[in-house]
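Novice: If you're matching them up, the sequences are chains P and E in order.
Under the working numbering, the final residue of the first sequence carries the number 217; numbering is consecutive throughout.
Under the working numbering, the final residue of the second sequence carries the number 204; numbering is consecutive throughout.
Quick caveat, the hints were computed from the structure, so don't treat them as lab data.
Heads up, some of the hints might be wrong.
Counterexamples of contact, computed for chain E against chain P with all Cβ distances above 12 Å [to be verified]:
| hint | residue |
| --- | --- |
| 1 | Ala157 |
| 2 | Gly158 |
| 3 | Asp192 |
| 4 | Glu193 |
As a list, the in silico DSBU-like pairs of lysine-lysine whose alpha-carbon atoms are at most 30 Å apart [what the hints assert, rightly or not]:
| hint | chain 1 | residue 1 | chain 2 | residue 2 |
| --- | --- | --- | --- | --- |
| 5 | E | Lys187 | E | Lys122 |
| 6 | P | Lys93 | E | Lys172 |
| 7 | E | Lys79 | P | Lys93 |
| 8 | E | Lys195 | P | Lys93 |
| 9 | P | Lys93 | E | Lys166 |
| 10 | P | Lys154 | P | Lys37 |
Each residue gets a CB set at the ideal place from its N, CA and C atoms; glycine is no exception.
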Amino acid sequence: MHGFSAFLFAAFGCTLAIAEPQWNASYAEKTEALSLKGDVTRGEAAFVICQGCHRVGALGRADGSYPRLAGQHTSVLIKQLTDVRSGRRSNAKMLPFADHSALSVQDIADIAAFLQQLPVPADQGQGSGGDLALGFKLYAKDCVTCHGERGEGKADQFYPRLSGQHYRYLLRENQLIRDGGRRNANPKMADAIRHYSDEDLAAVADYISRLPLAPAR
Amino acid sequence: MANRQHLPGHPKLTTAFVLCLLLGTSALSHAGDPQEIVKTVCAACHGIDGNSVDPANPKLAGMDQEYLMRQLKAFAAGKRRDETMTGIIAGIDPLDFSRLAAYYGKMTPTPGKVNDAQLATKGKALYDDGNTDSGVPACAGCHQPDGRGNARFPRVAGQHQAYALKQLADYKSGRRATDPLMTTVGKRLTVDEAKALAEYMAGL
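Model the full structure from these sequences, guided by the hints.
Specialist: Structure representation (structure tokens):
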């Protein structure tokens, strides 16, 4: 019996590993939110409970406490929101505001549609500018393949847009991903920056915070 | 019955409760005339124009009708409790709720009074920006920068400090649980922050 369940587990686990990456696993609510058609007007109304932190226009805060969401891909927004509320990404501050009592699955699709089309002004927080050459070098080596030359990300791969994001938020999340604290991160990224020093992370976040702004696709 | 036990200690409450008992039937017979119900049942605490005098009782003037309606229903269903309102609501015909909400919603709110300008300044910072360390969102996000509120979130502008403070404390303790988001906010606010907010909102 024990041997049989071990066999089943191995077979099932193996299928999962082949079918989809763990960091971006499908689950009912995420799949549903991704399949729903988001409505910008409804999303604007639903976003009201988010703007106390993420601010009007979803511009986030330069101190890095809350990220900029304006112009982000809908796929990324939906993944992160449903990951937070299903416990795949730890975020105690946000959890009650992403809870089922606060947002329906349709609300999530609507909010994502609203956020994706918002303008992204070039007033994001930036780093010191101290070592942009190192930042460029690291970005070209480890980041550009997935996040793109202009930091535009890849919507169909759930890779976030980075351009226009606040430096301090980029730095904080980079540290979390490097140190294993962001549990829903792509392990390829965690591997790529595993040996980065704090200075390396700061330099690359600084470089990203200065990327020219391009509309999300 | 539980209500009656502490009635002798609360003369105002007794009056309101007796009025409610006496006029409850009369209110039913006057269905459709909210002014009559307001005069006989609500005005003693909330004022005829929705601008209560006693700071323990909320101003209702200018609150969104949908919001008022939802609170009346919550009191009637026992989901929101208050030693006065829980008794009063039983004497009001639920069919009159929408008329009462419309009556008070249309009234013009009077400005509140700031007693401590320094405290209000602290409150403003919190109201506009929240507390990023504890995860208190800016109140302005939902209640709007000028505090006028909407159908989902109540007007807080000009509200009595004592009433606002009591609500924040009740959310914190779990005594009021009509909105899970506010339960979170109430638990994250410190007592001093709540005081500063109440002071600032009174002046909005």
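Novice: Each hint should be assessed against the structure and marked as holding or not.
Specialist: To see whether the hints hold, each was checked on the structure:
1. The Cβ of Ala157 (chain E) lies farther than 12 Å from every Cβ of chain P, with a closest approach of about 17 Å, so its non-interface assignment holds.
2. Here Gly158 (chain E) stays apart from chain P, with its beta-carbon at least about 21 Å from theirs, past the 12 Å limit.
3. Every Cβ of chain P is farther than 12 Å from the Cβ of Asp192 (chain E); the closest lies at roughly 20 Å, confirming the non-interface assignment.
4. For Glu193 (chain E), the shortest C-beta to C-beta distance to chain P comes to about 14 Å, beyond the 12 Å cut-off, and the non-interface label holds.
5. In summary, the hint linking Lys187 (chain E) to Lys122 (chain E) is supported, as the alpha carbons are separated by about 19 Å, within the 30 Å threshold.
6. Restraint check: the Cα-Cα separation between Lys93 (chain P) and Lys172 (chain E) comes to about 16 Å, which is no more than 30 Å; the hinted pair holds.
7. With a CA separation close to 26 Å, the supplied pair Lys79 (chain E) and Lys93 (chain P) stays within the 30 Å bound.
8. Taking the CA atoms of Lys195 (chain E) and Lys93 (chain P), the gap is about 22 Å. The hint holds against a cut of 30 Å.
9. Pair hint Lys93 (chain P) plus Lys166 (chain E) holds up; C-alpha atoms about 24 Å apart against a cutoff of 30 Å.
10. Restraint check for Lys154 (chain P) and Lys37 (chain P): satisfied, since their Cα atoms lie roughly 20 Å apart, inside the 30 Å limit.
Going through the hint list in order, the structure satisfies each hint without exception.
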